[in-house]
Amino acid sequence: MVQDTNQSSGKPDWRQIILIGRRPEATLVRIVVLVAVCVVTFKFILLPIRVEGISMEPTYHDRRVNCINRLAYWRHEPRRGDVVAIRYSDPGPLAKPSQMLLKRIIALPGESVSFHDGQAYINGRLLEEPYVKNGCDWDHAPIRCGPDQYYVVGDNRSMPFDYHMQGRAERQHIIGKVLL
Amino acid sequence: MKIASRVALLAILGGLGFWLWTAFFPNPEKIVLGRVSSLAATATINAGDGAITRATKVSNFIGYFSPDAVISYDVTGFGARSLSGLDEIRETAAGGFAGVSSLKVQFQDATARVSPDKQSAEVSCTVRVSAGDSKEFGIQELRLQFKKIAGDWLITRAETVKTLQ
Chain A
513 MVQDTNQSSG KPDWRQIILI GRRPEATLVR IVVLVAVCVV TFKFILLPIR VEGISMEPTY
573 HDRRVNCINR LAYWRHEPRR GDVVAIRYSD PGPLAKPSQM LLKRIIALPG ESVSFHDGQA
633 YINGRLLEEP YVKNGCDWDH APIRCGPDQY YVVGDNRSMP FDYHMQGRAE RQHIIGKVLL
Chain B
393 MKIASRVALL AILGGLGFWL WTAFFPNPEK IVLGRVSSLA ATATINAGDG AITRATKVSN
453 FIGYFSPDAV ISYDVTGFGA RSLSGLDEIR ETAAGGFAGV SSLKVQFQDA TARVSPDKQS
513 AEVSCTVRVS AGDSKEFGIQ ELRLQFKKIA GDWLITRAET VKTLQ
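Here the protein sequences line up with chains A and B, keeping their order.
As numbered in the numbering used here, residues 513 to 692 make up the first sequence, in order.
As numbered in the numbering used here, residues 393 to 557 make up the second sequence, in order.
Same shape as in the complex, but just chain A (with noise of 0.2 Å):
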């Protein structure tokens, strides 16, 4: 009569424990954990995004894969220079819009943004944007932002001014900040 010599001594089959280790309930348990933080981190936290069009070139290139960080702006405030991610309608305090524009902020709340010769003027002051790398000929007169809007602008800048979706986006419209 020929024994398993693994039963008869009662040690688990190897293949049982590269499967679901020596522990079946300690590793089923670690599973529901981590499929739980997997779940809230990105459905809630971190938004997955796939860029879509050629605004934020060269910085963000189309059809890259990225993440939004929801919780950025929990301790302060949006700063000069970020890349965030702006709503369109609101689908409900916790839910991840299914749309969102990625515009970098150049302007905070109360300053104004002007144009000319295609530089960025803030308060009437050059703002130096070393990530434009396409120049262009913009030319606007001054935008004040009220004191809940950031201007925000695409980094690619080498198509008109009428046909570059850019503007004063309301704070409560900014979901959150690139990740990477």
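Hints should not be assumed to be uniformly reliable.
Stated by the list, open to error - Not close to chain B: a few residues of chain A, all C-beta gaps over 12 Å, as computed: (1) Ser601; (2) Ile655; (3) Asn668.
Said to hold, decoys possible - Subject to a maximum C-alpha distance of 27 Å in a straight line, what follows is the list of computed DSS-like cross-link-like pairs (lysine-lysine): (4) Lys496(B) to Lys539(B); (5) Lys554(B) to Lys608(A); (6) Lys540(B) to Lys510(B); (7) Lys555(A) to Lys689(A); (8) Lys689(A) to Lys554(B); (9) Lys539(B) to Lys510(B); (10) Lys608(A) to Lys540(B); (11) Lys608(A) to Lys496(B); (12) Lys422(B) to Lys510(B); (13) Lys689(A) to Lys645(A); (14) Lys496(B) to Lys554(B); (15) Lys422(B) to Lys555(A); (16) Lys539(B) to Lys554(B); (17) Lys394(B) to Lys510(B); (18) Lys422(B) to Lys496(B).
Said to hold, decoys possible - Heads up, incomplete: computed chain A residues facing chain B, CB under 10 Å, no partners named: (19) Gly533; (20) Thr553; (21) Ile598; (22) Tyr600; (23) Gly604; (24) Ala607; (25) Lys615; (26) Gln661; (27) Asp674; (28) His676; (29) Met677; (30) Gln678; (31) Gly679; (32) Arg683; (33) His685.
To be clear, the hints were calculated from the coordinates, so they are not data collected in a lab.
Because the structure is a prediction, the values reported are computed rather than measured.
Every residue gets a Cβ at the ideal spot worked out from N, C-alpha and C, and that includes glycine.
Please build the complex by placing chain B on the supplied structure of chain A, with the hints as guidance.
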């Protein structure tokens, strides 16, 4: 054990009852959001749709609007325009539906707010329209105002909202 199985059975029956109740007696929010969803399906044109199908779609599309409906839109690169009344909406829809090989309309993140008297509602959503395989007309925030007219929820006003001012 018996008590646990009875409680579980009761919970299942309760859930089923609730589902049946909401399915047979939907609240106004659900009805309005359903109208928005079916409007998107009506406004979507497939490449294989012939002239008769497109004409039928125009007729169905018009059925979502009240006689005095106003559509007001301002799209980056296309400018601002306003359509008033069913005739103007029908004419524009017929031209639009006939002029594209295909059209895909999606209303996303739609939320409805019904007035206390349950006779009017406002829907906020994000509309995404693309024509053909590649031509993207863009994404816009959209506000739709519905009114209950003769038992039917009809759009009295549709307007795009500028997310960036």
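How the hints compare with the structure:
no. : hint                   : in the structure
1   : Ser601                 : violated (5 Å)
2   : Ile655                 : violated (9 Å)
3   : Asn668                 : holds (15 Å)
4   : Lys496(B) to Lys539(B) : holds (26 Å)
5   : Lys554(B) to Lys608(A) : holds (20 Å)
6   : Lys540(B) to Lys510(B) : holds (8 Å)
7   : Lys555(A) to Lys689(A) : holds (15 Å)
8   : Lys689(A) to Lys554(B) : holds (21 Å)
9   : Lys539(B) to Lys510(B) : holds (9 Å)
10  : Lys608(A) to Lys540(B) : violated (30 Å)
11  : Lys608(A) to Lys496(B) : holds (22 Å)
12  : Lys422(B) to Lys510(B) : holds (12 Å)
13  : Lys689(A) to Lys645(A) : holds (22 Å)
14  : Lys496(B) to Lys554(B) : holds (21 Å)
15  : Lys422(B) to Lys555(A) : holds (24 Å)
16  : Lys539(B) to Lys554(B) : holds (24 Å)
17  : Lys394(B) to Lys510(B) : violated (45 Å)
18  : Lys422(B) to Lys496(B) : holds (23 Å)
19  : Gly533                 : violated (29 Å)
20  : Thr553                 : violated (21 Å)
21  : Ile598                 : holds (7 Å)
22  : Tyr600                 : holds (4 Å)
23  : Gly604                 : holds (7 Å)
24  : Ala607                 : holds (7 Å)
25  : Lys615                 : holds (8 Å)
26  : Gln661                 : holds (8 Å)
27  : Asp674                 : holds (7 Å)
28  : His676                 : holds (8 Å)
29  : Met677                 : holds (5 Å)
30  : Gln678                 : holds (6 Å)
31  : Gly679                 : holds (3 Å)
32  : Arg683                 : violated (13 Å)
33  : His685                 : holds (6 Å)
When the structure is compared with the earlier hints, violations turn up for hints 1, 2, 10, 17, 19, 20, 32 and for no others.
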